[in-house]
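Participant: Chain order of the listed sequences is A and B.
In terms of my numbering, the numbers along the first sequence are unbroken and rise by one, the last being 134.
In terms of my numbering, the numbers along the second sequence are unbroken and rise by one, the last being 423.
I should point out that these hints are in silico values taken from the structure, not numbers from a laboratory.
You may find that some hints are simply not true.
[Unchecked claim] Which residues of chain B face chain A? A few of them, derived with a C-beta cut under 8 Å, are:
#: 1; residue: Ile62
#: 2; residue: Asp225
#: 3; residue: Leu260
#: 4; residue: Gly265
#: 5; residue: Ala269
[Claimed, not checked] Under the rule of at most 27 Å between Cα atoms (straight-line distance), these lysine-lysine pairs were calculated in the BS3-like manner:
#: 6; chain 1: A; residue 1: Lys97; chain 2: A; residue 2: Lys37
#: 7; chain 1: A; residue 1: Lys44; chain 2: B; residue 2: Lys240
#: 8; chain 1: A; residue 1: Lys106; chain 2: B; residue 2: Lys355
#: 9; chain 1: A; residue 1: Lys37; chain 2: B; residue 2: Lys240
#: 10; chain 1: B; residue 1: Lys355; chain 2: A; residue 2: Lys101
#: 11; chain 1: A; residue 1: Lys97; chain 2: B; residue 2: Lys67
#: 12; chain 1: B; residue 1: Lys67; chain 2: A; residue 2: Lys117
#: 13; chain 1: B; residue 1: Lys67; chain 2: A; residue 2: Lys83
#: 14; chain 1: A; residue 1: Lys37; chain 2: B; residue 2: Lys67
#: 15; chain 1: B; residue 1: Lys283; chain 2: B; residue 2: Lys240
#: 16; chain 1: B; residue 1: Lys283; chain 2: A; residue 2: Lys83
We put the beta carbon where it would ideally sit given N, CA and C, even for glycine.
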Amino acid sequence: MKLAPLLLGLLTALAGQDPIRTSFAVLASFDYVEGMKLPDEVTKMDGKTVTVGGFMMREVPGGGDVSQFLLINDACGCTGTPKMNEIVYCAMPEGQKTEIKTGVVKVTGTLYVGEQKEDGIVLGIYFMDVDSIQ
Amino acid sequence: MTHSGVARAPVPSNLMKLQFLTLCVLALPPLATTSAQETKAEDPVAADVAKAIGSPRLAIRIAAGRKVAAAGDVAVSALRAHAAKSGVNTIPLTLVEALVEGGGDGPEMSLLLRDWAGDREFFWRAQALRGLALRASPSRAEDAAMFTAALQDPAWLARANTSLGLARIGAADEAGEAAWRVLLTDADPRVVSRTAALVLPLAPEQPVLQALLDALGDSRTFLGDPWGNRRCTEAFAALKQWAADASLEPRPLTTKPTQLTWNPGAGLAGNRETIDAVKALAKRRIGAQLREPVDLRDAAIAFDGGLEVFSCRNGDLFLRWTEAGSVVAGIEGSRTVELGEAAWQPLRARLADTKLGSETGTVVCDRMRLARNGTGTQHAVAPAMLPAADAAWVRDLAAALDRAGAADLAAALTDRLRQFAAP
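Work the whole structure out from these sequences, hints included.
Facilitator: As structure tokens, then:
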């Protein structure tokens, strides 16, 4: 009978690991300005497992499988440069690559929220370590 | 390399950096690369152009593009030299938009944008047209003919962007009406909302506000693409800015201007206060009675597959079909053509045999997207890359549409196919 609380705990823990479902409607719901305090709606997802729907895009035009890609909210990315809060920079697990899938995908992984800079340039504000792409 | 490393320790080790740079150099397509060696220490603007085009990091390309734009006319010769050497379509959207926004209004930059806006083969000609529009005014209306011609452009974004140019120069049609107004009744809803968003600061009038309010109710999709949601976001951003502009009030405000908020995903019902606030503002500011927006949702049709053509050159085309052979045309699905079981089933069966991968060719802007037989599998094809067997399938679909009485649709599909069929 002592197994029951353990089982319950395990189930609760598993339930707690359900990814947070979010969307670009939330991620891009504010006017991003460099150096700003990001809204709680997005910072509360920092470090959490999150699922986001969007379109995969190569960071560099080309072909073949990729270890990193951009997730954006525009089917072709050709109607305008995505704003900083309209891009999730996605990295595949170490040593893994993926094809760039056509159409909407749901990407699940650990989301990191906050400005990342290189040489003083903001590279992005959303980064994800990808667990799965569906 | 995962982002857990990037996020917590942004600077990778030198070895990783070297590996990354090596991979990036190898991954760069030859045409999109301008050798930094050729330009280093010779011309700083040319070096920035090279970085804005060839850097493997999107953010670096954007930042370098801003530096190029800030150079204004001085940058134009480097840009033209790159285009002459590597082809104009190797110039990325990020750089074109940087020039559009921040390239200044010098004569060389205007000439460059004019050349690009008039180049049918240039992927980003609609953006270049917006650049000309931003530089236009009643006393600077030399591009009026180009703006007027763009009202008939097959590319939706060119039509929408020309509204800004026409509004800025104050162009009128034969009836004396603002020339851009016709775009508020364009068949493509994307044109209507983009036009309204662009002209709202210049013409905060009832039809413009109504178009934006209507777009707030849009949640329609096409083969999974939430294009209606993008219209909603765009419309809300424009309305929010308009609401916050106290200078539009008939009398000085004693309180802060209205700050509109939007709850994404809550639909019209969940954003009642915002809709009421927009209607109240419109009444107070211009005496307009705006109609209540309606929920614009996808029709309850189980689509089996579809075909979408995004073409900045020739205009977009949208087709979806059911398992039984009903072909629904248009991004809104406003027209249905019944092919009939006998004509459709052999075609449908052949589609299952396609050897297309997820991506065929290097898709930059123009592309064909094919969704196959209820499998969820989708394929993107770059111009001139559609294999003969698949091109024959599209041709046969066009013939079936023609036989079903949709000659215009068949002709449009055949026309778009020319851009994508492999030679």
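Participant: All hints, please: hold or fail.
Facilitator: Here is what the structure says about each hint:
Nearest Cβ of chain A to the Cβ of isoleucine 62/B: about 7 Å, under the 8 Å cut. The hint holds. Given the 8 Å rule on beta carbons, the hint for aspartate 225/B holds: about 4 Å separates it from the nearest Cβ of chain A. The interface hint given for leucine 260/B is violated, since its Cβ lies 12 Å from the closest Cβ of chain A, which is over the 8 Å cut-off. At about 6 Å, the closest approach between the beta carbon of glycine 265/B and any beta carbon in chain A falls short of 8 Å, and the interface hint on this residue holds.
Checking alanine 269/B against chain A: minimum C-beta separation of about 16 Å lies over 8 Å; hint violated. At roughly 34 Å between alpha-carbon atoms, lysine 97/A and lysine 37/A are farther apart than 27 Å, so this suggested pair is violated. Of the supplied pair hints, the one linking lysine 44/A and lysine 240/B holds, its CA atoms being roughly 25 Å apart against a limit of 27 Å. Between lysine 106/A and lysine 355/B the alpha-carbon distance is near 24 Å, which keeps this suggested pair within the 27 Å criterion.
A distance of roughly 20 Å separates the Cα atoms of lysine 37/A and lysine 240/B; the hinted pair therefore holds under the 27 Å criterion. For the hint pairing lysine 355/B with lysine 101/A, the CA-to-CA distance comes to about 15 Å; that is within 27 Å, so the pair holds. For the hint pairing lysine 97/A with lysine 67/B, the CA-to-CA distance comes to about 33 Å; that exceeds 27 Å, so the pair is violated. For the hint linking lysine 67/B to lysine 117/A, the alpha-carbon distance of about 17 Å falls within 27 Å, and the restraint holds.
At roughly 18 Å between alpha-carbon atoms, lysine 67/B and lysine 83/A fall within 27 Å of each other, so this suggested pair holds. Proposed proximity of lysine 37/A and lysine 67/B is supported: the alpha carbons are some 26 Å apart, at most 27 Å. As the CA atoms of lysine 283/B and lysine 240/B are separated by approximately 16 Å, the hinted pair is consistent with the 27 Å bound. In summary, the hint linking lysine 283/B to lysine 83/A is not supported, as the alpha carbons are separated by about 33 Å, beyond the 27 Å threshold.
Violated hints, in rising order: 3, 5, 6, 11, 16; the structure is consistent with all others.
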